[in-house]
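Engineer: Residue-level listing of the chains:
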Amino acid sequence: AQSVAQPEDQVNVAEGNPLTVKCTYSVSGNPYLFWYVQYPNRGLQFLLKYITGDNLVKGSYGFEAEFNKSQTSFHLKKPSALVSDSALYFCAVRVGNNAGNMLTFGGGTRLMVKP
Amino acid sequence: GAVVSQHPSRVICKSGTSVKIECRSLDFQATTMFWYRQFPKQSLMLMATSNEGSKATYEQGVEKDKFLINHASLTLSTLTVTSAHPEDSSFYICSASRQGRSYEQYFGPGTRLTVT
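From first to last, the protein sequence lines are chains A and B.
Under our numbering, residues -8 to 106 are what the first sequence spells out, in order.
Under our numbering, residues 745 to 860 are what the second sequence spells out, in order.
With a straight-line cut-off of 20 Å between C-alpha atoms, the simulated DMTMM-like cross-links for lysine to aspartate or glutamate are:
#: 1; chain 1: B; residue 1: LYS764; chain 2: B; residue 2: GLU807
#: 2; chain 1: B; residue 1: LYS785; chain 2: A; residue 2: GLU(-1)
#: 3; chain 1: B; residue 1: LYS785; chain 2: A; residue 2: ASP76
#: 4; chain 1: A; residue 1: LYS49; chain 2: B; residue 2: GLU848
Read the hints as simulated data drawn from the structure, not as lab findings.
Only a predicted model underlies this, so the values are computations on that prediction, with no experimental measurement involved.
With the hints as extra help, turn the sequences into a complete structure.
Structural biologist: Below is the structure:
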């Protein structure tokens, strides 16, 4: 079975400061890891993914994430937060290079960026 | 590219009636579509996976006779909530995987269902 944990329900950060949203995973096999963002009453928007290769993945809107196999983590980061980054963020994992395989989502972390 | 639409975006229906939600891949062929349900302030829960031309595979605990899924073409999947109850009120989101881009799923904007 595969699982994803986002240990923080909410992360508060001041605008201009760096942000980190944590994600750890558990799979049997090579993980395919994703970050999505959700704005109120909207669907999910893809931010970035790790499939293979460089452990540091750069995505949309200045976000990046680092795959750490030994710590089974895939934390989302941004050097300088914007108020408009305030949203709900989901980490997800899938085993296997087949989008027909099930995505398992973490519980979500609400990011609040204050001016 | 890779746009997924859902219709309607919001729907209110009375208890006991049925409501259909459409999920369309607008500019690609979707070999697989997924239906998720999201409760307020919670994560997405996968309800079912459907492949074009095949019966949907439902997750444990999801009633297949209540949540009817049809994936009749490579660009359209529908979810019909039958005999709706207030507890079916939720945010329903579909996603689609794309031929040739097997590692990505593309999400629709979601449908807010309210059953009165």
